[in-house]
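Mind docking these for me? Both chains are given alone in their own frames, and the hints should help you get the complex.
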Amino acid sequence: MKELVKSGGLTVDLASAFDASPNPYVLLTPDLRIAGANQAYFDVTNSTRDAIIGRPLFSAFDSGPGSEAPENVRQVQASLERARDTRQRDHLPLVKFSMAKRLDDGSQAFEDRYWSATHTPMLDEAGEVVFILQHTTDITELQRLREGRVLSERASALDIMLGGAVLGRAEQVQEDNRRLEGERNRLIDMFMQAPGFVAVLTGPDHVFQMHNAAYAQLIGHRDITGKPIREALPEVVGQGYYEFLDSVYATGEPHEGRASLVQLQRSPGALLETVYLNFIYQPIRDASGAVVGIFVQGHDVTDAVRSTERQKLMIDELNHRVKNTLATVQSIAMQTARSHADPLTFAEGFQARLLALSHTHDLLTRSHWEGADLGDILQHETEAHGSHRVSVNGPRVGLAPAAALSLGMIFHELATNAAKYGALSAPDGRVLVDWSLADQTRPRLQLVWREIGGPAVSQPVRKGFGSRLIERSVRHDLAGEVELHYAGDGFAATFSIPLDREQGS
Amino acid sequence: MSQAFAGRRVLIVEDESLVAMLLETILEDMGCIPVGPAATVDEGLQMASGGEPVDAALLDVNVAGRQVFPVAQALKDRGVPFIFSTGYGEGGLPDEWRGQPTLQKPFTEAAVRDALMKAMGLADV
Chain A
1 MKELVKSGGL TVDLASAFDA SPNPYVLLTP DLRIAGANQA YFDVTNSTRD
51 AIIGRPLFSA FDSGPGSEAP ENVRQVQASL ERARDTRQRD HLPLVKFSMA
101 KRLDDGSQAF EDRYWSATHT PMLDEAGEVV FILQHTTDIT ELQRLREGRV
151 LSERASALDI MLGGAVLGRA EQVQEDNRRL EGERNRLIDM FMQAPGFVAV
201 LTGPDHVFQM HNAAYAQLIG HRDITGKPIR EALPEVVGQG YYEFLDSVYA
251 TGEPHEGRAS LVQLQRSPGA LLETVYLNFI YQPIRDASGA VVGIFVQGHD
301 VTDAVRSTER QKLMIDELNH RVKNTLATVQ SIAMQTARSH ADPLTFAEGF
351 QARLLALSHT HDLLTRSHWE GADLGDILQH ETEAHGSHRV SVNGPRVGLA
401 PAAALSLGMI FHELATNAAK YGALSAPDGR VLVDWSLADQ TRPRLQLVWR
451 EIGGPAVSQP VRKGFGSRLI ERSVRHDLAG EVELHYAGDG FAATFSIPLD
501 REQGS
Chain B
506 MSQAFAGRRV LIVEDESLVA MLLETILEDM GCIPVGPAAT VDEGLQMASG
556 GEPVDAALLD VNVAGRQVFP VAQALKDRGV PFIFSTGYGE GGLPDEWRGQ
606 PTLQKPFTEA AVRDALMKAM GLADV
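Those protein sequences? They're chains A and B, same order as listed.
If you count the first sequence from 1, position 472 lands on 472 in the working numbering, and the numbers rise without skipping.
So the mapping is simple: the working numbering equals the position in the second sequence, first residue as 1, plus 505.
Hints listed in this document are in silico derivations from the structure and should not be mistaken for laboratory results.
Note that the coordinates shown come from a computational prediction; the quantities given were computed from them, not determined experimentally.
Any given hint could be a false lead.
[As the list claims (entries may be wrong)] Below 30 Å or equal to it, Euclidean Cα-Cα: the simulated DSSO-like pairs (lysine-lysine) are:
#1 B:Lys581 to B:Lys623
#2 A:Lys323 to B:Lys623
#3 A:Lys463 to A:Lys420
#4 A:Lys323 to B:Lys581
[As the list claims (entries may be wrong)] To list a few chain B residues with every Cβ distance to chain A over 12 Å, as calculated:
#5 Glu521
#6 Leu527
#7 Met535
#8 Ala543
#9 Val559
#10 Lys581
#11 Arg583
#12 Gln605
#13 Lys623
Don't be surprised by glycine CBs; every beta carbon is placed ideally from N, CA and C.
Chain B on its own, in the form it takes in the complex (with noise of 0.2 Å):
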């Protein structure tokens, strides 16, 4: 298991609280430490944009009937690499977003990791 993500803080965006706790259980078994999980877009967008540190993102794109797009951008714009995470995949995604890592629902472990290592630029260990 690589020690490369202990202590990184990720935010969390996604409205079913079941899921959200699986991506929490998930990130704290790679040592990671959950930020949020927001619930709504706004809440999120305060969490991209505010204070709070954020080491990488996983954001749900479809978010209580709203798309995630301007938290990917608050998160674009201050250098937050992130995922996005769907049940369309990749394809779903409009093209301006295209290319971004993503993840597919239903995710495995492996998946969350090797999408976490691909968007913050890390090397497996």
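One chain only, chain A, in its complex shape (with noise of 0.2 Å):
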């Protein structure tokens, strides 16, 4: 009692004024327990001072029997939760709550009452909460009167018309605004689990009044509560999202940002991550219609612009691959129509090299264009001649798609030379192929095409296509080297490329 009435001489005038009222009061702590009441609310609960002070308010008393009563105390309990949190007085007008009255014979049974409930906050210098002063009146026999369950002689019908008036409109606006509070409570709900993020920013200042999970998951949770969007969100300076909520804030134009890029700092110290957001800011506006907030809403779509802008760089990088390799089969038919001046013989050499190119893409599609293996290319490009009359002798090699393509071209104009005027051309020639890996830490493929059994050759007076395509295709695309021997005893062609370059598309 010392800290309500500290007011000089007056203490002991003030503490018995209170205890004599016919008012019930009771003050609260804080958390809800009894700190005192006076004698009127003593009578009114049928208690004592030693059997409620210091317990919680919900649980010194039984609130009563039935379905109404969990949310009567509720109501109650919200009420002085609303004194206190706001430090604003908070009015019940009426509220039912049963009473439990000892009878006659000594047993207890539980009355119903209607009271109006007054709960005032009562502050420290520090403008804390100390006690919350619950003031109680028992309007039970207006209430009843309305109901006309008691028609008392003295009550005329004016009595009944203002008091049944007043005590309807006193429990409309109860009934209103617990459905108020319901739907209050039900539309945060709503936002906080939405699966956008949705923020209610107040002031000049966007100061954040509420965030939901998804804002706060956005953000890397962090505490944001009441602070102004440049303290809390300090890294987005220089983005243009603070010049934009100004912008809502004194225009009241909403603005809409679509896959708009922002980079936030999602953990402490860590580096900014860039993101990539749907989103409104939407005035908020005051009963006058001026903007006092900004109420933000999205989603992420950073994984929808990721997958797009994968999705470009592939169809960019197959475009590319297309063309070059309608550019290669272009240089192809134009190196081979000089070669062949008859259209039959030209069809019938372009139609080989083009197979020969398929093939390797063949190959290369089993892997994944992760590369081929020599040997198989080999086989691929010299079985048409029967495998028999070719024999290849070496280790597994993995090549680069690249480097795949060029020799699955080498091959078969080796190929193709031997089969026309080489060892292929006569019936008991052979072509030998033997290959070793030179160098572990710098790997250089050695490889012999030795061709055995034919008919002498000797050095062309004009390098055709396919010599020429051989040596530029191993010096420019494989970065080797190749020597062509036309030997008495047959043709033969070493190269030595390195394994380790960076192939290029």
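Written out as structure tokens, the structure reads:
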């Protein structure tokens, strides 16, 4: 009681006045325990000082039977908490609260009573709530009058009408409040659990009033409530968003962003992370139409933006490869045409080269264009001439796609040449292909193509497309070396090709 | 056929040897002397900024996984006209190189000749 009545010489008088009041008063601590009560309160609740002081309000009394009891308790508690949390007086115009009553035979019964309650927060010098004073008025008689259950002789029609109307209004207001509170809670629940992010900013500095779980996740669960945006999300400076908010607040015009890039620090000390957001800033207006805050709503579309980017890259890459392949085919056609005056032999030569290219594509497709094995390529390009006539001998060598395509064409040209002029043009001629890997740290392929049992060959007067292509491919595409030997006992080619070179497309 | 190209030295930067061979053939038919071809950006840079005289250049945009723009810059600094050849067309060029003569792959002889004329400021005779 001392805290309540510290005002000089009046201390004793106030305390006894409090006790003497016919109105029931109870004083509660901020955690809603009973700190004190006056005599009228003990009387009306049929309790004693010793029985209830220090106990939580809602365990000190049995709220009685009936399905409405928990809701009535909740209403009283909610009003007390509002008074405490807002530091404003809170009124509960009408609440039903059953009171235990000891009957003459000593048994206990509950009596329905109607109350009107006022909850007043009492602040200390620092402005903190130290007590909440509950002032209750028993309006049971008024309520019964209204319900017409008791028609007292003294109650005039006017009394009934007035009392009934006032109470009716009070009840209605209370019912509205209860409904509104429920709706508000449901709306807040919806915001909090919405899959998109939601935040409410208040005032010209855009102070975070509330934000939902998705927003918290977006900004890395920082403590932002009550902070202006420039303090809450300092890394956003210079990205234009503060200015958008300022503009929405000043003009009342909403602002919408689509796949808008934002850089956010999503964990302490981390580098800025890029996210893409679809969002809208909408003004919140008060009753007079003035902008008082901004409603922020949106969702993270980073995954969608990234997959669109990936798709574009893949399409560009595909286009690049297709166009390059077409240019290659065009070159093959043009070069083949130069050495074949006869359209029939042109078609044959051109198709054979296209197929050679296509075979290597097939091999690469099997490995998802990661590479192909040298032995497999050799086999593919020479099997048309009879596998028993071409012996291949060497370790497995994985080739990058570009190297695989080049060697495919080279082996095709060698085999075609052998079939036309070399060992494979004679019934007993054979081709021996041997290879090895030299230098394990910077591997180099050493390969020898040797033709035996064929006609004698001599250096051609004019280089054909085949030998030009071989020499060019080895030097240009593979950064290697090649020597073509036109020896009397058969043609031979020796290759030395680095395998650790970065291969382009 | 124009004689304007006779003896002109044209650098080729192109990583696909078959495509490079095609360009060489086309250039030789036009009377030009092909220089290179360079298969990498580094090799192209060496040829573009070295002592070798070059009158014009045909540059593949994507050379062995790298972009050819350093070579283009070296040529620009020397005042040598050049043409980009690419599967992407002019839309595939970054803003600073937009407006350069561009050859779409695959290309015809006529397209190579026209692009070279435009780049070198020659009139068809």
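To see whether the hints hold, each was checked on the structure:
no.: 1; hint: B:Lys581 to B:Lys623; in the structure: holds, 15 Å
no.: 2; hint: A:Lys323 to B:Lys623; in the structure: holds, 23 Å
no.: 3; hint: A:Lys463 to A:Lys420; in the structure: holds, 15 Å
no.: 4; hint: A:Lys323 to B:Lys581; in the structure: holds, 27 Å
no.: 5; hint: Glu521; in the structure: violated, 6 Å
no.: 6; hint: Leu527; in the structure: violated, 4 Å
no.: 7; hint: Met535; in the structure: holds, 14 Å
no.: 8; hint: Ala543; in the structure: violated, 9 Å
no.: 9; hint: Val559; in the structure: holds, 19 Å
no.: 10; hint: Lys581; in the structure: holds, 23 Å
no.: 11; hint: Arg583; in the structure: holds, 24 Å
no.: 12; hint: Gln605; in the structure: holds, 18 Å
no.: 13; hint: Lys623; in the structure: holds, 20 Å
In this structure, the hints that do not hold are numbers 5, 6, 8, in rising order.
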